[in-house]
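Number of protein chains: 2
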Amino acid sequence: MKHCFHILGQWVRHSHLAPLTGLHRISACISSTSQQYIKARDPEWGSKQQKEKRSSILRNLSKMDPQIEAELAPFRASVKEQGDLVRKLKSEKAPDIDLQRAVAELKHRKRALEEKELALTPKDDFDRGKMEDLLKQRFFYDQSFAIYGGVNGLYDFGPMGCAVKANLLQTWRKFFILEEQMLEVDTAMLTPEVVLKASGHVDRFQDYMVKDLKNGECFRADHLIEAHLEKLLVDKKSSDEVKEAIRQILPMIDGMSKDDMGECLRKYNMKSPVTGNDLSDPMEFNLMFATSIGPTGQLKGFLRPETAQGIFVNFKRLLEFNAGKLPFAGAQIGNSFRNEISPRSGLIRVREFTMAEIEHFCDPDHKDHPKFADIALLEFPLYSACNQMDGKPPELIKIGDAVKTKLVANETLGYFMARIYLFLTKVGVDSKRFRFRQHLSNEMAHYACDCWDAEMKTSYGWIECVGCADRSCYDLTQHTKATSVKLAAERKLPEPKTISVYECVPEKGGLGKAFKKDAKAVTAHLTGLSGDELSTLEQTLQDKGEAEIQVDGQKFTVKKEMVSFKKYDKTIHVEEIVPSVIEPSFGIGRIMYSVFEHNFKVREGDEQRTYLTLPPIIAPYKCSLLPLSNNPDFASFIKQLSQQLTELDVSHKVDDSGGSIGRRYARTDQIAIPYGITIDFDSLKTPHTATLRERDTLKQVRAPIEELPEIVRDLAVGRRTWENVLNNYPLFEQQEASSK
Amino acid sequence: MKHCFHILGQWVRHSHLAPLTGLHRISACISSTSQQYIKARDPEWGSKQQKEKRSSILRNLSKMDPQIEAELAPFRASVKEQGDLVRKLKSEKAPDIDLQRAVAELKHRKRALEEKELALTPKDDFDRGKMEDLLKQRFFYDQSFAIYGGVNGLYDFGPMGCAVKANLLQTWRKFFILEEQMLEVDTAMLTPEVVLKASGHVDRFQDYMVKDLKNGECFRADHLIEAHLEKLLVDKKSSDEVKEAIRQILPMIDGMSKDDMGECLRKYNMKSPVTGNDLSDPMEFNLMFATSIGPTGQLKGFLRPETAQGIFVNFKRLLEFNAGKLPFAGAQIGNSFRNEISPRSGLIRVREFTMAEIEHFCDPDHKDHPKFADIALLEFPLYSACNQMDGKPPELIKIGDAVKTKLVANETLGYFMARIYLFLTKVGVDSKRFRFRQHLSNEMAHYACDCWDAEMKTSYGWIECVGCADRSCYDLTQHTKATSVKLAAERKLPEPKTISVYECVPEKGGLGKAFKKDAKAVTAHLTGLSGDELSTLEQTLQDKGEAEIQVDGQKFTVKKEMVSFKKYDKTIHVEEIVPSVIEPSFGIGRIMYSVFEHNFKVREGDEQRTYLTLPPIIAPYKCSLLPLSNNPDFASFIKQLSQQLTELDVSHKVDDSGGSIGRRYARTDQIAIPYGITIDFDSLKTPHTATLRERDTLKQVRAPIEELPEIVRDLAVGRRTWENVLNNYPLFEQQEASSK
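Sequence order for the protein chains is A and B.
Residue 165 is where the first sequence starts when you use my numbering, and the numbers rise one by one after that.
Residue 165 is where the second sequence starts when you use my numbering, and the numbers rise one by one after that.
Isolated chain A, as found in the complex (with noise of 0.2 Å):
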């Protein structure tokens, strides 16, 4: 149950230490495996029919070079053996352990076949040491306090990050909040503890750990105990004996527990890797930061791990605000915080986080949505849970046939996906290294129907951006059993429906002259039982003239002149449902780090000038106005320009340093700047014009200069493309120079 912290925005990409035994969130692991295995939906889904339409539909996706395919096709069946023998065990309802033992393997294998796949993928020239060099130099972002030595998983976003995160922040939020019309909130980061004792978070969202004992150092187990075998395989002094047990031992790590790992521990008598001093047991580190609300100490806390329950939290208030009407979503963007043992992987895995996240309420029975037409036609790659216990690669398929062939659960899921889709390669992320990959049945909550996380490719493997899931009534569910404040809405029936009514009716003047400040309670206690216990109490009192009742474990007396007894037909329009929550959840710098990723590149035949090809509606600037030289005419037009675009909302960089053009443009290509205006000498001719410059082609026109702050907005936001410029004005043709 080791890597069931799976909170969005912040997962590791542990389909390599893969999560076969991990849960989708936290907040709703189930402590027996095997429950998991007989509630979730199998990737065996649906009639055969259906499995026969689908595989008309799918096509392949990887189209790989045979050759690469022949290497990748015995471990494509090392997975599809293993995957068979997962299903047979389960439908055998075979012993957990077995069960447990089997889905280790296959997991292991299914990393074997994603490293193979990986290395086997022609090499792209990335150097993520090089983009590393530009992000740190143009201060996009860089390690919290480093002139005090730095602290690990915190990051500062500089001028040039925190342009582009603003520019991602209100891009999402006109493209889900204003376009869907969905219920922004902003709740409280500090979270008292009962709420995460509801949602799950505090006793499950951890990992185990293990301390040097000597100087207290922290590692994580898992980590620790798989460096310590790994090396042992490769070393030359282990026996072969001892290389089969650790390769017996390797897949299972994952689903370790706190005494196996102790074990192992031993057995193999690790030592700290930093200073060799013993170390020691494991023990359970939970990773949300702890804090004390208020004075008195008494008031425990924690800095919110997800945005999400505040959402929840807020359900009736939203729902009211929504006139009582489902469905809806609620909206959050915000930071989220998750205490990681040893954060790595730079801004992939860190202990400060802006999420933002969706929770859309609809009715359980009627998950289709109003607009899923207007996307049922596009198609991105999925990687089912069938396909990824087949060995098989994900498939190109259209979402609309996704939905109907049940692969993906219902129209509402498929909706966002779509639109999970559409977002991200606005934004700047590559379609060709992006996917959608299923959760397992076995990784997914328990309450779970259905969870697709869009994965994108970097140099770190493939890694989890965003997820959907759909998260059933499992939250609001868990929010109501720890404050009995109903979170329901109610639907419309067909037809009114007419049921017999039997209540109890407290007398609230002598329960309270009774009762003081327990007449709440007791009242609360006695509307709310049931038919049985009604009819108890009220035989008990015509008895008696008087029962004892116990409300959250004291004892009151009630008296029959306290209460009255009614028995009624009534007419119902209306019945009371607990909604479902679809959820996307999207780890914003995640989604960063993969855009400058997929967005990096270096000129052809020039080391030197690395640049981001980032899009128009996320770059920090959207043009560069340069003058050619110092020339002193030049600068009122240069000043003119920059009121202009002021005006129009065309947020713009200035660059009268000198320097060659060139120079120039090579810096502003790095900052990602798509467009420059520059004045030359030409400009001071009537009619006055200048040139326009495209990053990414290098191309350049001359146009009359009244007309480029329009002609900028308008490419800036995507109103116009730069072909139909090329079309329109003549090309300035003048080699660049060098950034040498």
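Derived by calculation from the structure, the hints in this document are not laboratory data.
Every residue, glycine too, gets a C-beta built ideally from N, C-alpha and C.
All the given hints hold, so there is nothing to weed out.
In silico DSSO-like cross-links for lysine-lysine, where the CA-CA straight-line distance does not exceed 30 Å:
no., chain 1, residue 1, chain 2, residue 2
1, A, 378, B, 361
2, B, 254, B, 244
3, A, 361, B, 300
4, A, 338, B, 300
5, A, 803, B, 338
6, B, 300, A, 464
7, A, 817, B, 489
8, A, 300, B, 464
9, B, 480, A, 294
10, A, 650, B, 817
11, B, 294, A, 489
12, B, 464, A, 435
13, B, 681, A, 378
14, B, 650, B, 480
15, A, 300, B, 680
16, B, 300, A, 656
17, B, 489, A, 300
18, A, 650, B, 300
19, B, 684, A, 378
20, A, 645, B, 300
21, A, 300, B, 650
22, B, 338, A, 338
23, A, 435, B, 680
24, B, 300, A, 684
Taking CB as the label site, the calculated pair distances span:
no., chain 1, residue 1, chain 2, residue 2, range
25, A, 662, B, 454, 53 to 63 Å
26, B, 464, A, 437, 18 to 28 Å
27, A, 448, B, 441, 35 to 45 Å
28, B, 881, A, 826, 30 to 40 Å
29, A, 448, B, 625, 49 to 59 Å
30, B, 881, A, 623, 40 to 50 Å
31, A, 799, B, 659, 26 to 36 Å
32, A, 437, B, 715, 23 to 33 Å
Computed from the model, here is a short list of chain A residues facing chain B with C-beta under 10 Å:
no., residue
33, 310
34, 320
35, 324
36, 453
37, 465
38, 484
39, 487
Model the placement of chain B on the given structure of chain A, informed by the hints.
This is chain B only, laid out in the frame that chain A set:
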């Protein structure tokens, strides 16, 4: 020193419990109060000539009616009398204790004057309860975790509050960051202790509290003492003697030490006002939320109490980003946290809050501002320290004159004050309920040379919403001291200067070999030696061949061959300076609250119809779309208008819920929607037209449907006035139904 946690965005309105012994920023509290009087600028600044000039340009702002002025006269005289005494004591360098007493009394009299003034102000019918009902009911904001019983000092913004907040921040970002080309950062909230130790927050960001010894409930000591004494003062059982003693003590509470408070508690036998239980002695309570970063528990951290420190620790990167040039401004929008002992006053005093802070770094000797001329003629009420001590009201002064006469310390400070004023009135602050209050010399941090708070008049009295201070070089110096990282900039010398250099050049190889991991520290030590130390070292090495040095308490033996010495002349063109910082700091929640109060209205003759006159720029939606009835022919017009408004980025709300048009207008007025388009039966005729209604004037025009989206867009962004629309389209005269 009790009220000295005076953090922006979050200060308490202490002019009531006035912060005469408080400092503007805890980070700079100095322990000896007397020091402040010596160092800080006295209100009696300037030459006689300057004073006369100032008097001539000042006009009396208050325009009170003569009767009110007559009632205030004795209060004003009483303040002035005491102000003069304080000045006299200061000029005579009187003992601390006498000065402290005089200042406490001055504070008390100022408070009495302000309370009298507020009491005499004609009542404006504002009903806070009614406004809070509206804000709650339409979910602008409400208490967090209410279904769990709520947590004091934490608030959740609902869809309407969230939209207002997002619009406010977006406006702020355009108004400051884009227009002034500031460098925005987004830094970690989790902050290691060492950083906040350097800034002064660990040692001084605190209040005194007392605990109920039985149930642990906590109270702010000063509040509790004050409430208890004021109760005794009106108690008939108190003797005249007791009352007189209390009158002596009351004005002194703010200046009390921990021991003074303890004594006072015991003397008057104070108990918990809630339970009557005994109380603990007063104890310091640090207002930061503490937590632990990482799993070891060894890295203590806090949630940041202000966003400013995140800018200071990034100073080097930002300076580099700005090509090493001054001036430039860093800016940050983000949340900060303060663990209030007993929060109250709604949004004004909370435990988690959003700030927007600017740190403008400039040459300490050149604080002029290139755009000052643009705003020099702007005038707004300035409540100078001098006027405060003289019992005089604020005065309307042109900022250009205020800087010219040195009332405001420099152009940059004055420029930001003007920009703050323009921003606040743009987002809906009533300029008649606005003033800038200067800090008295004894409430200003010792390093600050001037500080002005933008205060808004609300039903809670005058509350501070934005601070604007010249903080000199304090913060950068503190972080340099703590880290040894030089946080400085270079200034070009008027002419090159030749200096003689004497330096020690370490031989890296030799040092590395000898001192391994300590080589870096040894090298830093050697290159940091002063001239005298160098010559001693050189001599010793020459004489003995080796020398012992001490680095961080450790001893090292340096051999002759490990270093060489150089003496030469060097021409330098730049000198190093530590920049001054001008800091405008905005409390977003307080601004929002003031804007709500200043814009809450009730329709004449209809008590039920409350509404908000928020300016379009921050209104949650800019426009409503209302079909007059559920006639199916109206729907296509609504859909088309909605699409066009979306294309123009105009947020809008369709209300096709039925109900009379009057009721629906009333609903849209409550959420401050400034414009409403109604499709009625005349819309069906060609040419198609619809009505456009404005919220504040209630006037309506009829205009062609195809023109309406652009009209609304232009109105919403301020490109067109409502008067202009009234002049160009025929008035639609139809009485609006009341809400009943």
